[in-house]
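Single-letter residue listing:
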Amino acid sequence: MTKVSMTVNGQPVSGEVEGRTLLSTFLRDTLGLTGTHVGCDTGQCGACTIHVDGASVKSCNMLALEAEGAQVATIEGMSNADGSLGRIQQAFQDHHGLQCGFCTPGMVMAAAALLAEIPKPSEAEIRRYLSGNLCRCTGYHNIVKAILAASGQDVGAEYAA
Amino acid sequence: MYDFDFERPATLADAVAALKDEGATALAGGQTLIPTLKQRLAMPERLVSLAALDELKGLSASGGVLTVGAATTHAQVAGQTDYPALAALAAGIGDPHVRNRGTIGGSLANNDPSACYPAAALGSGATIVTNAREIPADEFFSGLFETALEDDEIITAVRFPIPDAAAYVKFEQPASRFALVGVFVSKGSGGVRVAVTGASEEGVFRWADGEAALSADFSPEALDGLSVSTGDLIGDVHGGPDYRAHLIGVLAKRAVMAAG
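Quick mapping for you: the protein sequence lines, in order, are chains A and B. Note that our numbering has the first sequence beginning at 1, numbered continuously upward. Note that our numbering has the second sequence beginning at 1, numbered continuously upward.
Chain A with its partners taken away, still in its complex shape (with noise of 0.2 Å):
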């Protein structure tokens, strides 16, 4: 085992880990931050997805000990400090953009990156983005719905579903 640090939400942490533990298995089992999920385990669903210093990541893709010092974020940090929800994670409420809500930490995490690089992307855009999250409940229409409204733009009519 060996000891690993990093910052996670502000606060910093660190644990024991096997060289082959996942960065999503540290966060889940040694911290208990649940809300990233594990959906296919194999880099594609994307609800593990998370920011390692700025950029999203799936976390079942890279070891914990890689992240060895980096500043990690995850959907646990993405509220408002008085526990409400925060502006993505309010969006897709007021948007339904969610039905089982499995995928959503992913999708909360990929719309907060595509926003810090894209602060009023289009419906093409976030569809393209969004490339690398699955969701087989929502068919993503109020998924992209929620995160144009999170940009400050208008869902308005020529938008409704």
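Worth flagging that the hints you see were computed from the coordinates, not collected in a lab. Ideal Cβ positions, reconstructed from N, Cα and C, are used throughout, including at glycine. Among the hints, a few may not be true.
[To be verified] Have a look at the derived ranges for each label pair, beta carbon to beta carbon:
{"id": "1", "chain 1": "A", "residue 1": "ARG127", "chain 2": "B", "residue 2": "ALA13", "range": "43 to 51 Å"}
{"id": "2", "chain 1": "B", "residue 1": "SER60", "chain 2": "A", "residue 2": "SER14", "range": "52 to 60 Å"}
{"id": "3", "chain 1": "A", "residue 1": "GLN11", "chain 2": "B", "residue 2": "MET257", "range": "48 to 56 Å"}
{"id": "4", "chain 1": "A", "residue 1": "ARG87", "chain 2": "B", "residue 2": "ASP3", "range": "35 to 43 Å"}
{"id": "5", "chain 1": "B", "residue 1": "MET43", "chain 2": "A", "residue 2": "HIS96", "range": "44 to 52 Å"}
[What the hints assert, rightly or not] Here are the simulated DSS-like cross-link-like pairs (lysine-lysine), alpha carbons at most 27 Å apart as the crow flies:
{"id": "6", "chain 1": "A", "residue 1": "LYS3", "chain 2": "B", "residue 2": "LYS187"}
{"id": "7", "chain 1": "B", "residue 1": "LYS38", "chain 2": "A", "residue 2": "LYS120"}
{"id": "8", "chain 1": "B", "residue 1": "LYS38", "chain 2": "B", "residue 2": "LYS20"}
[As the list claims (entries may be wrong)] Facing chain A, according to a computed beta carbon distance under 10 Å, are these residues of chain B, among others:
{"id": "9", "residue": "PHE6"}
{"id": "10", "residue": "GLU7"}
{"id": "11", "residue": "GLN39"}
{"id": "12", "residue": "ARG99"}
{"id": "13", "residue": "ARG159"}
{"id": "14", "residue": "SER176"}
{"id": "15", "residue": "SER227"}
{"id": "16", "residue": "GLY231"}
Starting from the known structure of chain A, arrange chain B on it as the hints suggest.
Positioned in the frame of chain A, the structure of chain B alone reads:
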């Protein structure tokens, strides 16, 4: 996943020394290696992370050559403006999250027969620089998942001569989004190059007949009537060798059109 020891050497010399251990494997961005380990298709005793090596970082262009450090991610290559066709190719690999981890050195060293970067390297006439030597792309790719690299050799950078015109067009396998066939075309001081990925059992290759035709006349019509031998082409559930041969011709034309 079987367990392994993990280390992150701070210098290139330490990393090369660590890889002399028979059970050691280099870890770049891990976007292929980690899924491979999960499937127990590889069983290294030690993973040697290349992430801390400053020698592998950085992107710079001078004298008509773009030098890309081996640890440069696909997202970073997509963001450079010196070689637009290479940027466009990098922007189409995997998905945004994969592009933030996967590296050019990792992709070239892995030489997946459906990967995009081998087509860019071969189609640009790039030079692969390692800790030990410089290898022309024409001599680097030696077969399915095989390269000229020695076990303890690490790619440090890739030098791309920036061509006058170039483009990459791929036909995605709709489930994996890997290239069912991808064609990279370039025209520069070294002549015309046409590199094909996704199509051959032997990995990336140059389409000599296509290059000859385009050297005489760099236009899509120059490829009319040319056919590709189906001998070494992949046949699988997604498409037979004849289908892939057809796609090579079509995509080469589209790439020439896009290169302008």
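### CB-CB spacing for B/MET257 and A/GLN11 relative to the 48 to 56 Å hint
The hinted range 48 to 56 Å holds for A/GLN11 and B/MET257, with Cβ atoms some 53 Å apart.
### Task
With chain A as the partner, please determine if B/ARG159 meets the hint condition of a C-beta pair closer than 10 Å.
Hint on B/ARG159: violated, closest Cβ of chain A at ~26 Å, above 10 Å.
### Query
Do the beta carbons of B/MET43 and A/HIS96 sit within 44 to 52 Å of each other?
Given range 44 to 52 Å: holds, Cβ gap about 46 Å.
### Query
Does the interface hint hold: is B/GLY231 within less than 10 Å of chain A, judged Cβ to Cβ?
33 Å, violated
### Message
Given a cut of 10 Å on the nearest C-beta pair, is the interface hint for B/GLN39 held or broken against chain A?
### Response
Check passed: Cβ of B/GLN39 comes within 8 Å of chain A, closer than 10 Å.
### Message
Min Cβ distance, B/SER176 to chain A: is it shorter than 10 Å?
### Response
B/SER176 check passes; min Cβ-Cβ to chain A is 8 Å, inside 10 Å.
### Message
What's the verdict on B/LYS38 and A/LYS120, does the C-alpha distance respect the 27 Å limit or exceed it?
### Response
Distance ~38 Å between B/LYS38 and A/LYS120 Cα, so the pair is violated.
### Task
With respect to the beta-carbon atoms only, verify the hint that A/ARG127 and B/ALA13 lie 43 to 51 Å apart.
Holds, at about 46 Å.
### Query
Straight-line Cα separation of B/LYS38 and B/LYS20 no greater than 27 Å?
Roughly 24 Å separates the two Cα atoms, so the pair holds.
### Task
Given the hint that A/LYS3 pairs with B/LYS187, test it: the Cα-Cα distance must not exceed 27 Å.
Distance ~52 Å between A/LYS3 and B/LYS187 Cα, so the pair is violated.
### Query
B/SER60 and A/SER14, beta-carbon distance inside 52 to 60 Å?
Hint violated: Cβ distance 37 Å, outside 52 to 60 Å.
### Message
Within 35 to 43 Å: is that where the Cβ-Cβ distance between A/ARG87 and B/ASP3 falls?
### Response
Holds: the Cβ-Cβ distance is about 41 Å, inside 35 to 43 Å.
The structure does not agree with the numbered hints 2, 6, 7, 13, 15 and 16 stated previously, though it agrees with the rest.
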